[in-house]
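Protein chains: 2
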Amino acid sequence: MKLYSAPYAPNPRRVTMFLAEKGVTDVEIVTLDLQAGQHRTDDFRAKSPFSQIPTLELDDGRCLTESRAICTYLESLYAEPNLMGADPFERAEIEMWDRRAELMVTLPMMMWVRHGNPLLAALEKNQSPAIAAANEATAMKMAKWFDAQLATRDFLAGDRLTIVDLTALAGIDFAKMNKWRPDDETPNLKRWRAMMADRPAGKVAP
Amino acid sequence: MKLYSAPYAPNPRRVTMFLAEKGVTDVEIVTLDLQAGQHRTDDFRAKSPFSQIPTLELDDGRCLTESRAICTYLESLYAEPNLMGADPFERAEIEMWDRRAELMVTLPMMMWVRHGNPLLAALEKNQSPAIAAANEATAMKMAKWFDAQLATRDFLAGDRLTIVDLTALAGIDFAKMNKWRPDDETPNLKRWRAMMADRPAGKVAP
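Top to bottom, those sequences are chains Z and S. In this text, residue positions in the first sequence follow the numbering used here: the first is 904, and each later residue adds one. In this text, residue positions in the second sequence follow the numbering used here: the first is 904, and each later residue adds one.
Heads up, a few of these hints could be off.
Same chains, same names: a pair is fine if it fits in one copy or spans any two.
Below, a list of computed lysine-lysine pairs in the BS3-like style, where the Cα atoms sit at most 30 Å apart [said to hold, decoys possible]:
{"#": "1", "residue 1": "Lys-1093", "residue 2": "Lys-1047"}
{"#": "2", "residue 1": "Lys-925", "residue 2": "Lys-1028"}
{"#": "3", "residue 1": "Lys-1079", "residue 2": "Lys-1106"}
{"#": "4", "residue 1": "Lys-1093", "residue 2": "Lys-905"}
{"#": "5", "residue 1": "Lys-1082", "residue 2": "Lys-950"}
{"#": "6", "residue 1": "Lys-1044", "residue 2": "Lys-950"}
{"#": "7", "residue 1": "Lys-1047", "residue 2": "Lys-950"}
I should point out that these hints are in silico values taken from the structure, not numbers from a laboratory.
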């Protein structure tokens, strides 16, 4: 299997962190140069119609895009440690938390950076200050909400690391581009970020 | 089990359509009056911290929010007809398509309505014309892309109805509020919409 990825892109990192936490080393990582447009070739669009990375290509040529869908497939191949739920209710509960992390934290962080950071003007051709501001406000509010959740537990969903922590970490680390990181205003999130740094996921390059 | 819902809200409809396609009739539907703020009580927030509907309450009191997570749990209880994938690759592939439908079509349609429709000013207190316009543009572009997909098949993912069709239908029908519906500019989507109208899902009230 091949995983198409790129440096500094938060979505591929969700998958490479997922592989790192499972100790999987036999997936070939193919690094694309986004600045050079390697994701916009006809060849790559045949694998990923929206030029999205990550894209997972199976040995038989079938392809999957969308980080979480790729993780769902990888979880079926590499079951341990379980990161997406061990029974039906837990699978649903982790999916609920993963959506909260993604839609309320990670996606707003990404949109804030994409629309608010001059360095990304080439990738996001219609940068909008209004969209940047709205997403910044959501991201900051939700960072505080998640901080409050972490006051009484170590991980975002349940009592062990799950995909939810990886989803959130990808977004939170991406916000460094806008000079934000968990600090003393979100002390629990700061503690969680430090804990994550010592794990396999935290050692995956951005 | 109880499903907390509300009329005209697209996300609860994803779940009620899912139940309809499975022929499930033993989930109690509890209708909340959003205008009266019944989703903003402390009692309901204990079940759904962001006052979100749909919320599924199990008989033992545990709750799930997030439409897709609720469907994941319901799929485990009511396996047939299968709507979310029958093997690991198919589950991942349907999740990929469901994310495309949700993030590229349904969410933009919803955001376009929420930010662009004066009737929703009470619910969306910070309506933004820029956000409405950006989402309208995405929604219209993606409606054409999905229309092209349907030129060669009947359903959005694979050769049978799946959760993906329900996700897309919820968003597409919600856009009626902004006077948009699939027409001769998207003939395949129009044909798909007509086909959906004759199914159990299409008969679920908005």
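Hints and how they fare:
{"no.": "1", "hint": "Lys-1093 - Lys-1047", "result": "within (11 Å within a copy, 44 Å between copies)"}
{"no.": "2", "hint": "Lys-925 - Lys-1028", "result": "neither (37 Å within a copy, 43 Å between copies)"}
{"no.": "3", "hint": "Lys-1079 - Lys-1106", "result": "within (16 Å within a copy, 48 Å between copies)"}
{"no.": "4", "hint": "Lys-1093 - Lys-905", "result": "neither (34 Å within a copy, 37 Å between copies)"}
{"no.": "5", "hint": "Lys-1082 - Lys-950", "result": "neither (34 Å within a copy, 35 Å between copies)"}
{"no.": "6", "hint": "Lys-1044 - Lys-950", "result": "between (37 Å within a copy, 20 Å between copies)"}
{"no.": "7", "hint": "Lys-1047 - Lys-950", "result": "between (38 Å within a copy, 20 Å between copies)"}
Against the hints set out earlier in the document, violations occur for numbers 2, 4, 5.
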